[in-house]
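Visitor: Chains as they are written, first to last, in numbering that gives the first Met the number 0: chain U, 0 to 476; chain A, 0 to 652.
Any given hint could turn out to be false.
Unchecked claim - Restraint-style ranges between C-beta atoms, simulated for each label pair:
(1) 190/U - 644/A: 20 to 30 Å
(2) 151/U - 608/A: 15 to 25 Å
(3) 603/A - 405/U: 19 to 29 Å
(4) 608/A - 451/U: 30 to 40 Å
(5) 629/A - 18/U: 39 to 49 Å
(6) 155/U - 592/A: 28 to 38 Å
(7) 608/A - 30/U: 16 to 26 Å
What the hints assert, rightly or not - Partial list, derived from the structure: chain A residues whose beta carbon lies under 8 Å from chain U:
(8) 578
(9) 580
(10) 630
(11) 638
(12) 641
I should point out that these hints are in silico values taken from the structure, not numbers from a laboratory.
Backbone N, C-alpha and C define an ideal beta-carbon position, used for all residues, glycine too.
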Amino acid sequence: MIVPASEFVMILPEIFVLSMACIILVLDLFLKDSERNISYWLAQLTLVFAAVITLSVDPDETQLLFFGTFIADAMGAVLKVFIYLVAGLAFLYSRHYLSVRGLFKGEYYVLGLFGVLGMMVMVSAHSLLTVYLGLELLSLSLYAMVAFNRDSYPCSEAAMKYFVLGALASGMLLYGMSILYGMTGTLDIGLIADTLDRGESSVPVVFATVFIVVGLAFKLGAVPFHMWVPDVYQGAPTPVTLYLGSAPKIAAFAMIMRLLAESVGALQSEWQGMLVLLAVLSLGIGNVVAIAQTNLKRMLAYSTISHVGFLLLGILAGTPAGYSAAMFYIITYALMAAGAFGMIILLSRAGFEADEIDDFKGLNQRNPWFALVMLILMFSMAGVPPTVGFYAKLSVLQAVVDLDMIWLAGAAVFFSVIGAYYYIRLVKIMYFDDPADDAPLASDFDLRFALSANGVVILLLGLFPGSLMALCSQVIP
Amino acid sequence: METIYLAIVLSPLIGSLLAGLFGKVIGRSGAHWVTIIGVAVSFVLSVYVFKHMVIDGGESFNGTVYTWMVAEGMRLEVGFLVDRLTVLMMMVVTFVSLMVHVYTVGYMHDDPGYQRFFSYISLFTFSMLMLVMSNNFMQLFFGWEAVGLVSYLLIGFWYKRPSAIYANLKAFLVNRVGDFGFLLGIAAIAMYFNTLDYAEVFAAAPSMSDATIEVFEGVPWSALTLICILLFIGAMGKSAQVPLHVWLPDSMEGPTPISALIHAATMVTAGIFMVARMSPLFELSETALSVVLVIGSITALFMGLLGLVQNDIKRVVAYSTLSQLGYMTVALGVSAYSAGIFHLMTHAFFKALLFLAAGSVIIAMHHEQDIRKMGGLKKYLPITYWTSLIGSLALIGFPGLAGFFSKDTIIEAVHASHIAGSGFAYVSVLLGVFVTALYSFRMFFLVFHTNERFDAHTREHLHEPPAVVTVPLILLAVPSVLAGYWIDPVVFGDYFGSAIQVSASHDVIGHLAEEFHGAAGFILHGIQGPAFWLAMAGLLTAWYVYTRQPDLANQARNRFSLVYRVLQNKYGFDRFNEIVFAGGARAVGWILWKLGDVLFIDGLLVNGSARVVGWFSGIVRHVQSGYLYHYAFSMIIGLLLLLWWTIGFVPNG
């Protein structure tokens, strides 16, 4: 059982992030409150260097490491880089919010980095056990982050709900994994796939698949496993919502790819049916209920649910085109979500959360540029050309239409039309209503700059979607 | 040469843009100078191209300038086809346009929209050149719609007058009907030929002559006939043929230079030009030619009759235009394309002359247009008088003047034709000659002879308008006299070469050419024919009735009051359109508003869905109770749902 040193090189990014998280954890204890910036900058540097290391160790060919428990491939590398990027954005947007509320502590960044590590493990897992390890590392970090503002009653309540339901979902996932292990005699995803490819699909395997799908659906927040999403999104502090609503979605996509597409790929016809059900329910409930919301964070939570419906459409296609469309969708969605929550942070100040939809009234008169950025983000979420959201939806729908599931594509379009209402209502409020207050927006340069860049990128990716699309279809196995 | 073609098209456009966008900066004189120079450049270069092509015998040009896009093998391009047909049109368009530009300096002198007007008419020249120089249907349609747009803008130029707005809306809507047919025709061409290039379509046309299409179940139609009739519907709109003629008389609400340029000399002849250009297609469908012939002859006779009861000087000329357009269409119908184009050219000169002369009278009379309030203007407006006389004689086909040659050729061609409907057409065009002479000289005598019927105040200010008005009149009078002598090469010679194709069985012009022995012989032959005597009879009748026995006209009006009322109501076309089409459209609109908008969209979709969403979110809010055990319970239910849903999919489950 000797592992060659070259295999340790391949997991250098994980080792690096883990080490840095530990270093920051210890170092933060010795810092004064006025020196917290050091933790922040170290966390950001960690992400930057992790990206550099990931790209430099990226192998030309897919490699299985550590007795088949870990996989190094191009898809993993790309997803990891986007996870760093989105997590870095979350850190950046959060600093202003945390510092004006006296919450600017090292824990947020340490937990955030541990969460990133968990996502990295999920992305590169090639064994049921590794998947579970990564998932739990991420989830535990998220539970703690939601409870981060421990004096706040809604935060604690949200954390409690998230924890209990998450534990339940983890239990179901584990149960499914254990049945799968019992039926195939292995934890290795590749070997499971080989075994299932050979044999007939038996009821216990389908049974196991159902439990795995439930675990994944909970992680994504697909209906009817979505109940935690609105409560947690609304209850958690905005920076945590921002973190939780963006990067982990990318990791969840990777987990779906590893678990559904690879390990139980042989049962595609079974899980396709399940995903159709989940997708239609998510699209319907997400879009319709979002209309009735007055809280922006809660509205974005339901919007997430509807976007998950679209993501599932791409995955259930089960074709390389579908997978790459789903990957494109989730990456661009993470960027849009980061931007939207970043806007809430920009408008907030001490004692004022700016998370009601009415808080965006007349933003155009207060600051036309950021009203435009928000307009781009909302149009992109609604799928209005030429923003990137349009191409994301289009490519997913194309994958579904290629399967001759026209009715499904039609349903998706129908619900997006309903969904467009609440995005565009926000635009209407920003541009045509009178401002309710005229306090200046947060003036931190980095926040303003990054948000502007975020909006511009959403627009540019919409105008030139080709390279990211090509990247996605290239790395899908 | 390509550069020259581009320059011909672009110089009016540049002039138009300068006058339109920077009108305030360059001022009034700046605006007329840039546009006049722009059009003058076009005219001079057109003359050069004419010399190159006709006198030096240069090759015709067919090439692409710019490829807009390629879609499924169909190329959408901007390109020029410049052959002898094109160059003739270019000469006519740029010459008349130049005259009108100059004339406008005097006519619009005090108008606040001076720069805007110049910008529009230059834009018109650009559009018309794009139309005639096109080598493909896409650009043809562009030019077609662009001239329509400018026409719309110019009819409503005095946009504060309700009547002008009514007229331009009417012109726009009626042209929409024609353009819809035209667009369908182009679409049919794209469908059958998979190309929009003229040369490719014409080359492939003979092989398509057996293709059929079932527009109605079980009734096969020749595809080419359908295409030709659809294209001709477009021509009927633009060239104001019955029943799509109703917009042209109302278009006289626009300023007079526009009536001369657009609604007499150039734009309305676009349909004639288009059919001539499409001669390789029309020759393959005798049915389509018969339709063209019958529509044309109805227009020629019945629109002329309406000219008899009009009292507005411009409307008389307008109905005369309608009738003459009918003559051109008749020529197309009997495959005498060259005669049609020849009449188009001569008509452009003398009709522009008549309109500008009418404008000159209107200026002198301080914008009085009713001929019942004129009379005896001969001594006040000598230049206008003599040029009008030339124009009117040319119009009625007085031997030796331009109109005589072109109109007589058409009449002879109809006589020689054996196509279905040619008998009716022959009677119509012959009677039309009498009617033309009658209404032309009725107006001429009432305006320039007879007693003065205006007040002393008007008389004091009555004098010949300035040189910018009279010089164009004189310059237009010259070709009105002389252009006819060009008949030998243009009509009977091989001037058009391959630009116009006539199949041997329809070749009436070839038949006439055998008997043609020079212009003098043609005149001699004409004097012996019925057309000349009918024209003379019309002229004399007008002289006798309106100068000698003015009561006779009133008596005739009372005696034939029914006929008079029918003519006064313009055969009821306007009334019919107002009740059936306008009323019908309003009724449909009302139904759609009530049923579609108020009930279905507002009531059912918007408010209904809002209610559904409200109801639904009420339920969801109830489920989303905030209690942990409710959430866990919903997960369990979801799990069971998925299990039930999936195990059902396993065959042996």
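Visitor: Hint by hint, note whether the structure agrees.
Guide: Against the structure, the hints come out as follows:
1. 190/U - 644/A: 20 to 30 Å: holds, 28 Å
2. 151/U - 608/A: 15 to 25 Å: Between residue 151/U and residue 608/A, where Cβ atoms are some 37 Å apart, the hint is violated.
3. 603/A - 405/U: 19 to 29 Å: holds, 25 Å
4. 608/A - 451/U: 30 to 40 Å: holds, 36 Å
5. 629/A - 18/U: 39 to 49 Å: holds, 43 Å
6. 155/U - 592/A: 28 to 38 Å: The hinted range 28 to 38 Å is violated for residue 155/U and residue 592/A, with Cβ atoms some 56 Å apart.
7. 608/A - 30/U: 16 to 26 Å: violated, 55 Å
8. 578: It is violated, given that the least Cβ distance between residue 578/A and chain U is near 40 Å, above 8 Å.
9. 580: Violated, because the Cβ-Cβ distance from residue 580/A to chain U comes to roughly 35 Å (cut-off 8 Å).
10. 630: Holds - the Cβ of residue 630/A comes within 8 Å of chain U, reaching about 4 Å at its closest.
11. 638: holds, 5 Å
12. 641: holds, 5 Å
Hint check: violations occur at hints 2, 6, 7, 8, 9; the rest are consistent with the structure.
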